[in-house]
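Protein chains in written order, with this note's numbering: chain G, 1 to 196; chain R, 1001 to 1196.
These are computed hints drawn from the structure, not numbers from a lab.
Using N, Cα and C, we set each Cβ at its ideal position, and we do this for glycine too.
Fair warning: there could be bad hints in the mix.
Using C-beta positions, here's what the derived DEER-type ranges look like [claimed, not checked]:
(1) G/Gly149 / R/Gly1154: 35 to 43 angstroms
(2) G/Thr82 / R/Ser1046: 53 to 61 angstroms
(3) R/Gln1150 / G/Asp185: 18 to 26 angstroms
(4) G/Ala152 / R/Gln1150: 37 to 45 angstroms
(5) G/Gln33 / R/Ala1121: 19 to 27 angstroms
One side only, chain R facing chain G, incomplete, derived with CB under 10 angstroms [unchecked claim]:
(6) Leu1079
(7) Leu1099
(8) Leu1101
(9) Ile1113
(10) Ala1114
(11) Ile1137
(12) Asp1156
(13) Gln1158
(14) Ala1186
Protein chains: 2
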Amino acid sequence: MTAQLARSGRGRRPADEVRRDALDAAARLLLEQGVAGVTYDRVAASSTVSRTTLYKWWPSAAALAAEAFFTASEPELELVDTGDVRADLRAQLGAFADLMLRSPAGPALRGLIAAAQSDDAVLAALQEHYVRPRRRIGGAALERAQQRGQLAAGVDVQVVVDQIWGACYYRLLTEPDTVTTGYLDALVSQALRGAR
Amino acid sequence: MTAQLARSGRGRRPADEVRRDALDAAARLLLEQGVAGVTYDRVAASSTVSRTTLYKWWPSAAALAAEAFFTASEPELELVDTGDVRADLRAQLGAFADLMLRSPAGPALRGLIAAAQSDDAVLAALQEHYVRPRRRIGGAALERAQQRGQLAAGVDVQVVVDQIWGACYYRLLTEPDTVTTGYLDALVSQALRGAR
């Protein structure tokens, strides 16, 4: 950090660091208070980032909340590529279910999805900063498997994304108690069999 | 109806008819005002059913709203069994997507699911009166297909339910614009291929 400060030359922090500070503060507020707790004022008050900067970088507080969630959950939701697509998907799906069922991230994301149902700005923010970036990560992993011949060439990988994560989301939103390890096994197996 | 009144012997309406009256009123309120609009008071005021009766039959206003939604949407969501499981699923899924995207039932159900994310009573009501009854209908159709040999014997039909309707719900909740006829075709095809 000292090196970065020195590099900036005028004592101003690099943009990346300021962004990370704002996103960290937004993630803390989101996990503690839900999406309604993420406002420009509160993020400014609990970070070193000014409201002017927040306004400049995020078109809405919901966009800040959605991007904060994506950034904060990215390490846990990493999709490692070992070449064994079934094992890799199953491992990631297990981590995803754990995050949703056994951490404050679960209520936070459920709250974001809920808020998106009656607020188009939240829906747009959620799509842009969380749903589509996660879709791209899942789709890229499935495309690599497709190139290795583990999935049929003609299969739409985004449909497979829905049949793994979308199906899991549906249970997490409507019957969370039924998301068991056996369920996750069956989900991955049947989705991959359907895509072969 | 006259015959039923005569049969009841004391001028009291048959229970089925009273239930239907309450559910009709609750469905109207739900479609017009969302789940928050369905209260015992308003259902009593816009039907011929007393609050005492409503309290007796439904443990919460959310239970009344969820059952009202199930009952009101049942005709549109009928799953006809012609013996061609792919065509039958595709037809029902098309009707479901139409209902969600092009009728007041869409915002109403999205609102119910949203409310369930922060209110356990709404979640329980939604599970009991809508999610599980719809699951049973989808599962029964898939089991008949399984008995005809169209699905493998070992397949968990409830996982297939998630991979068709759950996947579709995920898009309807997060990226409704992407629910196209081509998407629904691919969803049914890949889910059935995975279950063969």
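Hints, verified against the model:
no. : hint                                     : in the structure
1   : G/Gly149 / R/Gly1154: 35 to 43 angstroms : violated, 25 angstroms
2   : G/Thr82 / R/Ser1046: 53 to 61 angstroms  : holds, 60 angstroms
3   : R/Gln1150 / G/Asp185: 18 to 26 angstroms : holds, 23 angstroms
4   : G/Ala152 / R/Gln1150: 37 to 45 angstroms : violated, 20 angstroms
5   : G/Gln33 / R/Ala1121: 19 to 27 angstroms  : holds, 22 angstroms
6   : Leu1079                                  : violated, 18 angstroms
7   : Leu1099                                  : violated, 16 angstroms
8   : Leu1101                                  : violated, 14 angstroms
9   : Ile1113                                  : holds, 6 angstroms
10  : Ala1114                                  : holds, 4 angstroms
11  : Ile1137                                  : violated, 15 angstroms
12  : Asp1156                                  : holds, 5 angstroms
13  : Gln1158                                  : holds, 8 angstroms
14  : Ala1186                                  : holds, 5 angstroms
Taken one by one, the earlier hints fail for this structure at numbers 1, 4, 6, 7, 8, 11, listed in ascending order.
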